[in-house]
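Asks: Sequence:
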Amino acid sequence: MTADTPTPSRATRRTAITSTAGVTWSVAATRGPAAPEWASSPVPATVPGEVHTDLLTAGLIEDPFDGDNEAALAWIGRTDWVYRASFEWQPGPETRHDLVADGLDTVATVSLNGTEVARTANQHRGYRFDITSLLVQGRNELVVAFEAPVDSAERRSAELGDRPHVNAHPFNGLRKMASAYGWDWGPDLAGAGIWKWIGVESWSDVRLAAVRPLAGLDGTQGVLDVTVELEWAADASAGTGVRVQLEGTEATATAEVPPGQSAVTLQLRVPDVSPWWPRGHGEQALYGVSVELTDGQQLQQIWRGRVGFRNITLSTAPDARGGEFVLSVNDEPIYVKGANWIPDDALLTRLTAQTYRSSITDAVDAGMNLLRVWGGGIYESEDFYSACDELGMLVWQDFLFACAAYSEDEPLWSEVEAEARQAITRLSAHASLAVWNGNNENIWGYVEWGWRMRLGSLSWGDRYYTELLPALVAELDPRTAYTDGSPLSFAKYHHPNDPRHGTMHIWDVWNQIDYRHYRDYPARFVSEFGFQGPPAWSTLTSVVHDEPADPYGPQMLVHQKAADGNGKLERGLGQHLPHWDVLSPNDPVGMMDDWHWLTSLNQARAVAYGIEHFRSHYPLNFGSVVWQLNDNWPVISWAAVDGHGIRKPLWHALRRVYADRLVTVQPRTDEAGPAGAGAAMPTVIAHNDSPEAWTGELVVTRRSTLESGEALAEQRLPFYVEARSAVTVALDSDLAVAGDPRQEFLQVLAPDAAAAYWYFVEDTELRLPPVAEALEVTVSAREGGYRVTATAAGLVKDLALFPDRIDSAARVDSCLVTLLPGDSHTFEVTSAGPLDEVALTATPVLRSVNDVTAR
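So the sequence shown is residues 0 to 854, counted in numbering that gives the first Met the number 0.
I should point out that these hints are in silico values taken from the structure, not numbers from a laboratory.
C-beta: ideal position from N, C-alpha, C; glycine also.
Among the clues, some could well be false.
Claimed, not checked - Cβ-Cβ distance ranges computed for the label pairs, FRET-style:
| id | residue 1 | residue 2 | range |
| --- | --- | --- | --- |
| 1 | T825 | D563 | 57 to 65 Å |
| 2 | G455 | D129 | 55 to 63 Å |
| 3 | G589 | S732 | 38 to 46 Å |
| 4 | D62 | H494 | 41 to 49 Å |
| 5 | Q266 | A417 | 43 to 51 Å |
| 6 | A417 | S132 | 18 to 26 Å |
| 7 | P717 | R741 | 27 to 35 Å |
| 8 | T694 | D271 | 52 to 60 Å |
| 9 | P258 | H494 | 49 to 57 Å |
| 10 | T351 | W37 | 53 to 61 Å |
| 11 | Q266 | D563 | 52 to 60 Å |
| 12 | Q260 | S132 | 55 to 63 Å |
| 13 | D835 | A417 | 16 to 24 Å |
| 14 | E331 | A710 | 50 to 58 Å |
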């Protein structure tokens, strides 16, 4: 039972009109100029569900993700659809009967037994309609007719006044998931459907309309304030009142509520509670809580949920360097290591509690502590937030505005208020909820993207972000911080994307300039940045079938949504890595193998480069939120985990740079340095984001890339970093300056941390031994898979294993491993079946930088 759903009792009855309740639904097209002939004939439908999955299940359309099917199915978004079901209903003692629809996508007309019940126009909210006079004993017919989603967006945009937006369709005219209309990482599959629970709720006199439990801490005492909202039947005001009882851990509070009173607030104080902490800072203690509504001795309804006692605050205070952005939990500042979250499947109704938990576990295993639910998606399922509560993953929740100007006129204003009230009420119970954010990039867009001239006197959303939404958060969830938007500088006269203040999005890197320019930004908090790379080979080739395979093949470009995305991938190699055409000029197969490896590696390198730079500026910088954790289909994108759930090289790089203890080498200016005044010299920075001091010996060695990897110079010194702090270590001159930059590098070893490396030149200039001379690989079978052990006789840089190229279900535990002469590393491969052991030891399954530089 979800936290926002009352449990049925003797006085409240819920009758599901869903497929899982045995109700038979159908769907058919009623208008659509491009629809096939069969579309007007009813086909079986699943509720909750959506038209794309219904047609796919019926075998009437091909997989929307495969090849160029996306374009071939564009007619679906231009078609009106009608869902129809008959259901049995028997009256009981209740006097009021409501049709409850938790999610209708999107512009819909609802009819019961031939009478129109209501018209809706918001995917992001639920609806409740009194149908007492329309229900009949026995057989009833429910019809939900949906307007074509692309047409409805265009129509409503024209009615409200056309406003700036990204991508092809005016999603900003309608309260529907923006990314349903396509994004620079997602398909254009705008559809329709009854995508959440629908049914009849029968009750008498009074019902629980909403429960908002807000849990906090007062010293060691837990404080739980619960606001209970009630709805009374029209004839109940002359009757007797009801009792509301709140039960928590070893404590109870009750209130007598007279008839007609719409809300009551109760408080519990619980001594010596265990606080809730984000992961890496403590345990995730959660406590059960219930609210009972009784009328005399009759139990009307009961609500059950869980809370975590914690205080979360946000400081944006000005300081000598600008303005900070620091989240604190229970008075402890949290260094944020996060990722942006998009809907986990373009077809939302395929998501389950298991898929959510698996994807959030990807974040946990990478060392993250925050997920930002991005404003072009949805208010996520209870399964998402409950998993975050349990796993200690802080949630930054955007309100659903993204990359567009929005009308502040009716009917949009009232829809936004209604959806926001529901979302705040539902999500405020969750311990993981840390920030409400007004929008994604809209303030930045108004200031810098040319919107003001185009808009003229039209509204653009400002009053949502600065008036309506903060007022609703203050009313309904005052314990949670609110920010107007992201990026934001939190001062009236600052540019919203000023790196000195608040939050910043860095998109000139990737779009325009080399990733080395991350170092131009000692940003206070980076809430978006990233770099593209392809999905796993098996994921890509499952949907792209170009012959011959080509980075610019027609189906490849269907699965590359960014403007000039593959051109940016190509230019992004810069001086860092060689070009695939140079490596395999007369070998299309080898060229594609190298393209895939080099762009995957470059993505991992770029993002890790940025994060190491940001962390090296702690405490000036207090976190980063990479774009993005997940994909919603198989695509070339910024994701760390691809659409089939395979962890890309980027994910493995994130696990290293998001580790609690990070040692990195960064250029720092030293006026007295050996290379002269003002020169940037390699310097060691250690960031300890753990609760214990970090001690031991730091060993920095300058080595040769060739032959034995002999030590050319070495510096050893005692190492001590306090908990939640950082230190900077200057290097001796014989380490900081190379004798021959093309064949020397620095290795930095610190206890309980991954080794750090510094190369004096880019890989295109670096001398590395050929893999055949530098690496010996053995394979041994084990239960459930294989062990692949690599032993180096020379420097092997960024060794990676891709077993999915042999079997798409095979997975590997590690990636991007650098080995010095004499070092060994064992890759643990899991596979349900046998794999080609020879293939596990050779290109293109086994890759390294040596493959592409030592030729």
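Asks: Could one say that the CB atoms of D835 and A417 fall in the range 16 to 24 Å?
Replies: Because 57 Å falls outside the window, the suggested range is violated.
Asks: Please test the hint of 53 to 61 Å on the beta carbon pair from T351 and W37.
Replies: Violated, since T351 and W37 (Cβ atoms, about 30 Å apart) do not stay within the stated range.
Asks: Please test the hint of 41 to 49 Å on the beta carbon pair from D62 and H494.
Replies: Hint holds: Cβ distance 44 Å, inside 41 to 49 Å.
Asks: Is 43 to 51 Å right for how far apart the beta carbons of Q266 and A417 are?
Replies: With Cβ atoms ~28 Å apart, the hint is violated.
Asks: Using the Cβ atoms, figure out if Q266 sits within 52 to 60 Å of D563.
Replies: 57 Å, holds
Asks: Has the hinted range 38 to 46 Å been met by the Cβ atoms of G589 and S732?
Replies: The hint (38 to 46 Å, Cβ to Cβ) holds, given that G589 and S732 are roughly 44 Å apart.
Asks: Evaluate the given range 57 to 65 Å for the C-beta pair formed by T825 and D563.
Replies: This hint is violated: roughly 41 Å between Cβ atoms.
Asks: Take the C-beta atom of P717 and the C-beta atom of R741, compute their distance, and say whether it sits inside 27 to 35 Å.
Replies: For R741 against P717, whose Cβ atoms are near 33 Å apart, the range 27 to 35 Å holds.
Asks: Check the following: the C-beta atoms of G455 and D129 are separated by a distance inside 55 to 63 Å.
Replies: 43 Å, violated
Asks: Okay, E331 versus A710 on CB: inside 50 to 58 Å?
Replies: 41 Å, violated
Asks: Is it true that the C-beta distance of Q260 to S132 lies inside 55 to 63 Å, as the hint says?
Replies: 27 Å, violated
Asks: Holds or violated: the 49 to 57 Å window for the beta-carbon distance between P258 and H494?
Replies: 55 Å, holds
This entry does not satisfy hints 1, 2, 5, 8, 10, 12, 13, 14, going by the numbered hints stated previously.
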